[in-house]
Structures are given as structure tokens and as C-alpha cells.
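J.: Sequences are here, hints too, so could you generate the full structure?
Chains A and B supply the protein sequences, listed in that same order.
Using our numbering, the letters of the first sequence correspond one by one to residues 1 to 253.
Using our numbering, the letters of the second sequence correspond one by one to residues 1001 to 1248.
To be clear, the hints were calculated from the coordinates, so they are not data collected in a lab.
Mixed in with the good hints, there may be bad ones.
[Said to hold, decoys possible] Simulated restraints on C-beta separations:
1) Gln1246/B - Val243/A: 17 to 27 Å
2) Tyr246/A - Ser1071/B: 32 to 42 Å
3) Phe202/A - Glu1097/B: 25 to 35 Å
4) Met1093/B - Val190/A: 14 to 24 Å
5) Glu1097/B - Gly6/A: 28 to 38 Å
Positions of the beta carbon are idealized from the N, C-alpha and C atoms, including for glycine.
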Amino acid sequence: MVQALGHLTIGIVRDLGRTGWFLLYSLYMIVRRPGSFVHVLKQLRFIGTKSLFVIVLTGAFTGMVLGLQGYYTLTKFGSEGMLGTAVALSLIRELGPVLTALMVTGRAGSAITAEIGIMRITEQIDALETMALDPFKYLVTPKFIAAMISLPLLCAIFDVIGIYGGWLVGVKLLGVNPGAYFYEMEKSVVWRDVYSGFVKSFSFGVIIAWIGCYKGYYAGHGAEGVSKATTESVVLTSVIILVWDYFLTSVLL
Amino acid sequence: MISIRNVHKSFGMQKVLDGLDLDIPDGKITAIIGPSGEGKSVLLKHLIGLLQPDSGAVEVDGESIIDVRRSELNRIREKFGMLFQNVALFDSMTVFENVAFPLEEKTSLSKEEIRGKVLSALEDVGLKNIENKFPDELSGGMKKRVGLARAVVLNPKIILFDEPTTGLDPIIKRAIHQLIKDTHAKFGFTAVIVSHEIPEIFDVAQNVAMLFRGKILQYGTSDDIKNSDHPAVRQFISGSLDGPIQMI
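T.: Next comes the structure, spelled out in C-alpha cells:
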């Protein structure tokens, strides 16, 4: 019993240390050897461009549902003119970064883990090492750079589409004054709101690449190992994003 | 020369290498034989630093590869080429890109020079007009040959072969063995082959080491091992179920 507990504790501490080391070494490698421009471009296409459709779709419907819910709540106080502000602030400060990150986690984070995991179990990572090449330069750093660039941009697109989704429902369907929708929004959204959204998105990009690559890099044996790593990657990334979001919000508020 | 001294390695409670000693001479083909699951591939991975021993020493040309900095290990690894059991070709790259990859990353050759070297390496292993195919479009034997071309393209001093003929038909098997002998004769590298192809391996290798229960049971020339009196070696070579090696 005591021995089993000891093994478990040592295992947890070792995993935590390895996870932390993985992040630090990845960031160090971004500075030292960021990988080739072509590799980064490929990853930008995969993580960024290919996520566009899902981001536009979720952004539009999130904005639309915010328009509906916001209108329902604000009419109780006779303040439906504030709908633009409510939609924009919810999206820019909170929902844009978080939902963008969760969608990219599901679409690209899982694929990153599966790709690196398969390379691990088919000895392709070992092959890189035997050629005296650092696998991080080819597999990890381009994904980190691409995620750090893509997430803030995708979040910006999510925010804009969401604001127009809210406009479509609030103004076009429910009859809120269009001037008030945009005027109140412009008056109350300040640079600090936009900035905090971008800081969140950027850090979520780091989390997606970090956990996605880490789980793939240390995937267990066979197809089952990769499938387990992929599931763990999506769950862990999502949980860390939500926890980290709370801490960032409390600091940036 | 690669020198292994008193190497121990365990995975959890399972002891795989138990005080193993072995010297692999330069310029020769050395085969490591032994029953499945005895740690032959584990031993091979220790030679290139893919695995670190729990204790003991591994030296390549007098330089230790245990607990050294990554840059130092990579400098020593530049002497090596390796053909993996499952070949480990990069599946998102074409055959040409796979063989060209080490040249692009480790040399400053022009595109034309790289193209020439890749096509020549592929021709040396008997492959033509497949450079634009992806690995999953190739047969097992063709993959092994592409893997061999990638392993020799930088002209390394030492090449490690992890079961190069496993899962191949007898003719392809013989062709791969012949290819290893021919490329060895051409380039003169040090070769270490993990294999259980008995008796073919005795025609390929000059030296043979038998690994059993985590130690080298017997080490000598191919003829020494082929004519060994040791009961376990005799049993393994003859494939008999009776003897000190109990598999069931």
C-alpha cells in the first residue's frame, strides 16, 4: 500500500517535471532554433487557415445567441440599446479567446498529438535522433510558433463575426436601433479589453501546442497508446485553458 | 570500436541487460543473435544513445555516450546510420525526400548535388523510378531498401541494422543480405546487425555474438559460433525445443 502510494507520487512528480521541462525546452528552442520558415508556414496553414471555417461558424452562432440572450435580459431593464456593448465585451474579453481555443484544441490539438504520437510509435522520432537532429526543431517549435500566431488572429475573426452575429439577431430580427448597437459598443470597448483578449489567446496558443506536442511526444505503445494520448491531450488542454483563463481574468481585469 | 562494459538495463521490474560486455571491431560486420525478447534491439539502441543504461559504460571510438550533453551526443551520432526494424521512413515525405533529408540537414550541398547523391544511393540498392512515391505505396522489401539508402547516404562510419530482414520473403531476404554485404564491401563501414536469420546471418557477418539472459553468452567468428559446443547456442542454431532455452 505504502509502496504503491510512493510509486504513484514519484510518477506524478516525474510527469509534472517532464511536462514543465518540455515547455521550457520548447520555448528555449524557439529562440535558439525556430525551425525552417517552410515548416512554420505549413503549421500556420494547418492550425490557422484550416480552422477558419469552424471559427467563423462558431463565432457567428455564439454572437447570435448572445444577441438573443442579451436582448431578452436587457429589455427587462429597458436597456436594449446596450446590446452591442454586452455582445462585444462578452466576446472580446471572454468568449472569443476561450471558445476559439477550445475549437482549435478539438480540431488541431488532437491532430498534433496524433501526428507526433504516430511518429513516436513508428520510431520516426528515433530516426531523427539517430541522424543527430533535434526532433523539437522539426516537430515542436514550428507548431508552437504557428499556434502563438494563429490563436490571436483566429480570436479576432471570431470576435468580429460574433459581433455581426449579435447585430444580425439584435438589429435585423429583434429591432434594436443599429446606431445604438455600434455607438454604445464603440463607447464602452476600450483598448485594454482587446489587449486582454489577445493576451489570453496568445497564452492559449502556447497551451494547445505545449500539451498537444507533449502528449504525442511521450505517447505509449501502439494504436491504443496514441488514442489514449489524444484523448488525454484534448481533455487536459481544455481544462488548463479554463483554469488559466480564470487566473488571467483575475489578473487582467 | 564500440565498447560496452558491464551494462545493466531494466524496464520496471524486468531486467533486460544484466552486466553485458561486448567489443565491436571497426570495419567488420558483427551480428547479434539470440531468442526473441532477450533485448537485442535494446542493446542496439544503447549503442547510439537512444536508450541510456541504468549502469555501465558505452564508448564509441574511446568517447563515452553516457550522460553527455546533447550536442556532444549528436557529434558522436554523426558517425552513425541506422536501419530500424520498421524502417521508420518519414511517412509524410516521398522516397526522394526521405533519402535527401539527412543531406539537406547535415550538408551544404546544392540541390543538384543532393539529387545526384539520392538517385545514386537509390540505384545502389536497386531502386529506380520510385522517388516520387510515398512509403505506404511501397512493399516491405522496397521500404527496407529505401531505409538502407537513407542510412548510407551520408557515408557513415558505423551502421546499425535492427532486424533488417524480418517479415520478408526468402528471396527478398537474401537480396537484402547481399545488399548489406555489397554496400559494406563498397563503403567499408562498421556494421552491427541484430538478426535471428539462422543460418543466413553466418554468411553475412564476420563476427557473431549470442545474447541470452541479459549477457553475451558467446562471441566469436561466424565459424566459431556455427560450430559452438555451448548447449544454448547449439539449441538456438538448430531451432530445437529441447535445451536450456525454454520459450514455452
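J.: Does the hinted range 17 to 27 Å hold for Gln1246/B and Val243/A at CB?
T.: violated (53 Å)
J.: Does the beta carbon distance between Phe202/A and Glu1097/B stay inside 25 to 35 Å, or does it fall outside?
T.: Since Phe202/A and Glu1097/B have Cβ atoms about 33 Å apart, the given range 25 to 35 Å holds.
J.: Does the hinted range 32 to 42 Å hold for Tyr246/A and Ser1071/B at CB?
T.: holds (41 Å)
J.: 28 to 38 Å was suggested as the range; check whether the CB atoms of Glu1097/B and Gly6/A agree with it.
T.: violated (48 Å)
J.: Check the following: the C-beta atoms of Met1093/B and Val190/A are separated by a distance inside 14 to 24 Å.
T.: Since Met1093/B and Val190/A have Cβ atoms about 49 Å apart, the given range 14 to 24 Å is violated.
Violated hints, in rising order: 1, 4, 5; the structure is consistent with all others.
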